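Start from the sequences and build out the full structure, keeping to the hints where you can.
As they're listed, the protein sequences go chains B and Z. For the first sequence, counting from 1, position 54 maps to 53 in numbering that gives the first Met the number 0; every step adds exactly one. For the second sequence, counting from 1, position 30 maps to 29 in numbering that gives the first Met the number 0; every step adds exactly one.
Hints are computed from structural coordinates only; laboratory data are not their basis. Computed from a prediction, not measured in an experiment: that's the story for all the values here. Honestly, I wouldn't trust all of these hints.
Unchecked claim - List time: in silico BS3-like cross-link candidates among lysine-lysine, alpha-carbon distance up to 27 angstroms:
#: 1; chain 1: Z; residue 1: K24; chain 2: B; residue 2: K45
#: 2; chain 1: B; residue 1: K67; chain 2: Z; residue 2: K40
#: 3; chain 1: B; residue 1: K25; chain 2: Z; residue 2: K24
#: 4; chain 1: Z; residue 1: K40; chain 2: B; residue 2: K85
#: 5; chain 1: Z; residue 1: K24; chain 2: B; residue 2: K6
#: 6; chain 1: Z; residue 1: K24; chain 2: B; residue 2: K37
#: 7; chain 1: B; residue 1: K6; chain 2: Z; residue 2: K40
#: 8; chain 1: Z; residue 1: K24; chain 2: B; residue 2: K120
#: 9; chain 1: Z; residue 1: K24; chain 2: B; residue 2: K67
#: 10; chain 1: Z; residue 1: K40; chain 2: B; residue 2: K45
#: 11; chain 1: B; residue 1: K25; chain 2: Z; residue 2: K40
#: 12; chain 1: B; residue 1: K87; chain 2: B; residue 2: K48
#: 13; chain 1: Z; residue 1: K40; chain 2: B; residue 2: K37
#: 14; chain 1: B; residue 1: K133; chain 2: B; residue 2: K102
To be verified - Here are some, though not all, of the chain B residues that point toward chain Z, as calculated from beta-carbon distances under 10 angstroms:
#: 15; residue: Y29
#: 16; residue: S30
#: 17; residue: K102
#: 18; residue: L106
Even glycine gets a Cβ: it sits at the ideal position worked out from N, Cα and C.
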Amino acid sequence: MQYEDGKIDREEADFLFELNDAVSGKDNHYSWKDFFAKAITDHVLKDDKSYGTVDDEEADYLISRIQKDGKIDEVEQALLLKIIDKAKGTCDKFQDFVLSSFKTLILEDGVIDAAEVKTIKSIIYGAGGAGGVKVDVKEAEWLFELNDAVSGKANHESWKALMVEAITKYVLEDETSPNEVDDAEADWLVAKIMKDGTMDEVEKAILENIKAKATKISSKLDTL
Amino acid sequence: MHIINSSDFKQTKNKKTMSNLDELKTSILADGIIDADEVRKLNAV
Numbered sequence: 000m001q002y003e004d005g006k007i008d009r010e011e012a013d014f015l016f017e018l019n020d021a022v023s024g025k026d027n028h029y030s031w032k033d034f035f036a037k038a039i040t041d042h043v044l045k046d047d048k049s050y051g052t053v054d055d056e057e058a059d060y061l062i063s064r065i066q067k068d069g070k071i072d073e074v075e076q077a078l079l080l081k082i083i084d085k086a087k088g089t090c091d092k093f094q095d096f097v098l099s100s101f102k103t104l105i106l107e108d109g110v111i112d113a114a115e116v117k118t119i120k121s122i123i124y125g126a127g128g129a130g131g132v133k134v135d136v137k138e139a140e141w142l143f144e145l146n147d148a149v150s151g152k153a154n155h156e157s158w159k160a161l162m163v164e165a166i167t168k169y170v171l172e173d174e175t176s177p178n179e180v181d182d183a184e185a186d187w188l189v190a191k192i193m194k195d196g197t198m199d200e201v202e203k204a205i206l207e208n209i210k211a212k213a214t215k216i217s218s219k220l221d222t223l
Numbered sequence: 000m001h002i003i004n005s006s007d008f009k010q011t012k013n014k015k016t017m018s019n020l021d022e023l024k025t026s027i028l029a030d031g032i033i034d035a036d037e038v039r040k041l042n043a044v
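Pasting the structure below:
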């Protein structure tokens, strides 16, 4: 659609959303999902006003169109992940929508499987995510919320590995105190780990990894 | 002679494109699913 100029205008984007709502959940050809995700991603990223990024107006548009039929189907999920992957940056509104939507979707069955771990990884490490390719506080807190919800369940083993890797990155790969756990980070870790009253095996592994890698650790972490 | 400016051209093009899309939408919704050929047509509109 209009790919001779590489752009999808708003009228065409509306058309594609209407089409997707009409065929949502049906046995569509797999190429539809790829086509839709690419076309709408191009619509929001290849514009003159905010090239490469999702601004507030685009976030409002995406959120209203995606929520229009009351569900976020797999085609729309692919769209959100594509934007997170391709965008140079996104506004808070869009990031919050992605984190909250995927939290609901991921926690639907109460456990985190291998495919969901891959999805979570692409959200937190995507250039268009909250912290860009780094893990920021919003994403780190989101990870702990997910973990608290599935703590002790039969999650895929890669979940623990991702949690350990991502939270260690968040705590140690910061500009304020690189490779160290400062007082503020220690307070934050204690609050997150003990939020549900217990330290599960994932949280224990996070703590062990951070303690093993940090060059300096605040005494506030001694409470754990 | 009527000289078509770029705005006229774009509007004419958009009307034509949307007309093609509407035809395609009718065709797609006739069976309720999107097949590979219809995705190819969407790409080409």
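The hints, checked one at a time:
Of the supplied pair hints, the one linking K24 of chain Z and K45 of chain B holds, its CA atoms being roughly 25 angstroms apart against a limit of 27 angstroms. The hinted pair formed by K67 of chain B and K40 of chain Z meets the criterion: a straight-line CA distance of about 26 angstroms does not exceed 27 angstroms. Between K25 of chain B and K24 of chain Z, the direct Cα distance comes to roughly 15 angstroms. Compliance with the 27 angstroms bound is thereby established for this hinted pair. About 25 angstroms separates the Cα atoms of K40 of chain Z and K85 of chain B, which keeps this hinted pair within 27 angstroms; it holds.
Proposed proximity of K24 of chain Z and K6 of chain B is supported: the alpha carbons are some 20 angstroms apart, at most 27 angstroms. With a C-alpha separation of about 19 angstroms, the suggested pair K24 of chain Z and K37 of chain B falls inside the 27 angstroms cut-off, and the hint holds. Taken as a hint, the K6 of chain B and K40 of chain Z pair is honoured in the structure, with Cα atoms around 17 angstroms apart against an allowance of 27 angstroms. For the proposed pair K24 of chain Z and K120 of chain B, the alpha carbon gap of about 36 angstroms is over 27 angstroms, so the pair is violated.
Annotation: proposed proximity of K24 of chain Z to K67 of chain B holds, straight-line Cα distance about 19 angstroms (limit 27 angstroms). Between K40 of chain Z and K45 of chain B, the direct Cα distance comes to roughly 22 angstroms. Compliance with the 27 angstroms bound is thereby established for this hinted pair. Distance check on the hinted pair: K25 of chain B and K40 of chain Z sit about 19 angstroms apart at the alpha-carbon level, within 27 angstroms; holds. Among the hinted pairs, K87 of chain B with K48 of chain B is consistent with the structure: their alpha-carbon atoms are about 14 angstroms apart, no more than 27 angstroms.
A distance of roughly 15 angstroms separates the Cα atoms of K40 of chain Z and K37 of chain B; the hinted pair therefore holds under the 27 angstroms criterion. Between K133 of chain B and K102 of chain B, the direct Cα distance comes to roughly 19 angstroms. Compliance with the 27 angstroms bound is thereby established for this hinted pair. Satisfaction of the interface hint for Y29 of chain B is found here, the shortest Cβ-Cβ separation to chain Z being roughly 9 angstroms, below the 10 angstroms cut-off. Evaluation of the S30 of chain B hint against chain Z yields a held restraint, the C-beta minimum of about 5 angstroms falling below 10 angstroms.
Given hint, K102 of chain B at the interface with chain Z, is violated; its Cβ is 29 angstroms from that chain's nearest Cβ, farther than 10 angstroms. Look at L106 of chain B: its Cβ only gets to about 30 angstroms from chain Z, farther than 10 angstroms, so that hint breaks.
Figure legend: structure checked against the earlier numbered hints; hints not met, in rising order: 8, 17 and 18.
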